[in-house]
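Chains as they are written, first to last, in numbering that gives the first Met the number 0: chain A, 0 to 407; chain B, 0 to 407.
Everything labelled a hint here was simulated from the structure, so no lab data went into it.
A few of these clues could be false.
Which copy? The list can't say, so a pair holds if one copy fits it or any two copies do.
Taking lysine to aspartate or glutamate pairs in the EDC-like style, the calculated list, with each CA pair at most 16 Å apart, reads [as the list claims (entries may be wrong)]:
1. K365 to D267
2. K228 to E3
3. K266 to D105
4. K365 to D92
Number of protein chains: 2
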Amino acid sequence: MTFEFGSLFRPRLPAAAAAPFAGYPKYYFVGGNNDADTVPTKKLGEIAKAVLEREGSILALYGVGHGPQGYLPLRQFIAKTLHQKAALACHVDEILVTSGSLQALDLVNNLFLEPGDTVLAEEASYGGAVSRLKALGANVIGIDMDEDGMRMDHLRQVLADLKRHGIRPKFIYTIPTVQNPSGTVLTTARRLELLEIAELFEIPIFEDDCYADLLWEGERPPAIRALDKTGRVIYCGSFSKLIAPGFRVGYIVADWRIIAQILPTKKDGGSGALEQMVLAEFAASEFDQHVAKLSGVLRDKCQVMADALEEHFGTTAEFAMPKGGIFIWITLPDIVNTSELAKAALAEGVEINPGAEWVVDPATGKNRMRLCFASPSKQQIRDGVKLLAEICHRETGVPVRSANVARP
Amino acid sequence: MTFEFGSLFRPRLPAAAAAPFAGYPKYYFVGGNNDADTVPTKKLGEIAKAVLEREGSILALYGVGHGPQGYLPLRQFIAKTLHQKAALACHVDEILVTSGSLQALDLVNNLFLEPGDTVLAEEASYGGAVSRLKALGANVIGIDMDEDGMRMDHLRQVLADLKRHGIRPKFIYTIPTVQNPSGTVLTTARRLELLEIAELFEIPIFEDDCYADLLWEGERPPAIRALDKTGRVIYCGSFSKLIAPGFRVGYIVADWRIIAQILPTKKDGGSGALEQMVLAEFAASEFDQHVAKLSGVLRDKCQVMADALEEHFGTTAEFAMPKGGIFIWITLPDIVNTSELAKAALAEGVEINPGAEWVVDPATGKNRMRLCFASPSKQQIRDGVKLLAEICHRETGVPVRSANVARP
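Extracted from the complex, chain A is given alone in its bound form:
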């Protein structure tokens, strides 16, 4: 007879998966999947062979003998590239390699948060970050944004309100460069103002810079951590979006005192070493040129998606062209509920991120959606957006016109 576990599970587990994974839908516009043709398989293969033959025996040691902070040549590369690209100077002891930036989020959240704590974030923000914060019982407050990212006037006002109520937030979570989902870039002036405000209210900053390398328009500003003189900024980054998400390699950069406090909570025996070894070797010789190529491919696909949106949704779909990254953040007319649209679309093979899952207050995302363009082919983007517009028209009456032709 089958054993009944039910009453033994702890309370408040998330809903169980309905069925094993059965493949992606035909038009998959969600998630961080990357352009498959751009994965440098041949070069990675050569490098994996070389690095394994040369020093593969260090895999016999947890942390490959370099300790729990990660493979030393990878940390050296991270230090070098952050210095060059983000004006961020750091010592290898101030870097902790993580299993993707998702683990970085978990480790930093775990350092600060108990149920009831308050955290600030951009009003529209990475769904995986917002859901993690809420699952931990945090009170997440969204800060308004404009075309330059988080609005400092609103941040100041929210912090002043909280202070009047005796509430000191645990940190400000921000994605300043190629913000997810808006694609905006926080200006250097705002970064400096953010630090001034954080100083005034005595708040740390958690800077998530996962997409910063995929900026294709304008200069990359200095990291917020690079501009800070107080050590209040905990920075994280990732290689998942730059090489391939199958590589689970991210990192935290923070003062040693913070790394020291995180280390005993990272109880995983170290992050995967082969990936670190291959990435370090690849990055040392190929990184800039690979990222430039990838950015070009993404920029092209972004344009294809923007064109398809314009053709099939017309002025019904409002969006700002992203300055980099892998997604477009779209506002539809008020009458559209994108959570409903997402269900109808999925039934016909089009998957989208409904806005409610990508904002702090679900109501602000009701008529918004995020569409990712890195993984689908250009033809899939064209066909999928066309189909999405048809479904949207059928379900909601908008868009009224597509491809300059009134819909029946």
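Based on these hints, arrange chain B on the given structure of chain A.
Showing chain B alone in chain A's frame:
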């Protein structure tokens, strides 16, 4: 001015790391590090190149397009090898690849445990498992052991006592095959009795089989999960000890209803895919022959350590020869406190696991220690055990004789 985080950290964090990793001590007898010469670097290199060139572009997809349960060929290999070696039949949908078996422990613990819950385990057990359970606020109860592993008479008695007090444990955590640290193997008769008792008291079993492939003496018994007809057993295993701990690849095998409930709590974007791909390809053609070779090397090193213990500690060090694995569990005379000994030894370059950290009730481990033999060379084993005996004599007066010569 440096920002002061102190009061913002959550309460009850573990103590911060004192300093960045500064290398292993000369005689490193702790942890799961493996024999470096046995890592098949050349073969792994060839395989990594082949698999990346052939299908590296799937790394562009989270879960390489095979979903959150892991790379399909690896799950197919796990299903095949468990069927052959442990009489355990399972479908690929009943397998969840994890980032080492440490993540498997975290996921299963998270499924069941709240502070105050009760868990049973062998009295001497894996330090990383016991510390995790205690950190979650679980009340861990140790079950007595003998040369055949966990004693069923004691288990029955403990469960009856708990039942009288209205306590139903959340699960029994057991390492039945090459138990850590004792090296014992639970007999098939006891496995059947364990299932009978679990049925009687309506308790699930969490079977940790990480070392089972490294058995070099006697037949490997069927997995407890293989003998069960109720689906109450959650099984986990690992490749870390078989290929290299730098590969963070473990797995859970359980009914789909359990996997389904764990999946939404595994929020890491999938475990490292390159390692899974390389391991699957390596395992398909090389696994048995590699494990046989590794077992031979470990058995030799185990004998060297046993001989060194006999030479330098004489009858002062009591231990049973392990039937496999990478460690020897040693009992010293009552007057020795191995936690003190470990400190004195570390100061002279010898690191050991004091028994108190490898048991449920620290008092039962006071005069015990675990020594790992996989990673150090034979000469390091000989020299390190000799030095450890000298330090032990100096600190505690025992052993009185070493190498048949009375110590001064």
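Hint by hint, which ones does this structure get wrong, listed from lowest number up? 1, 4
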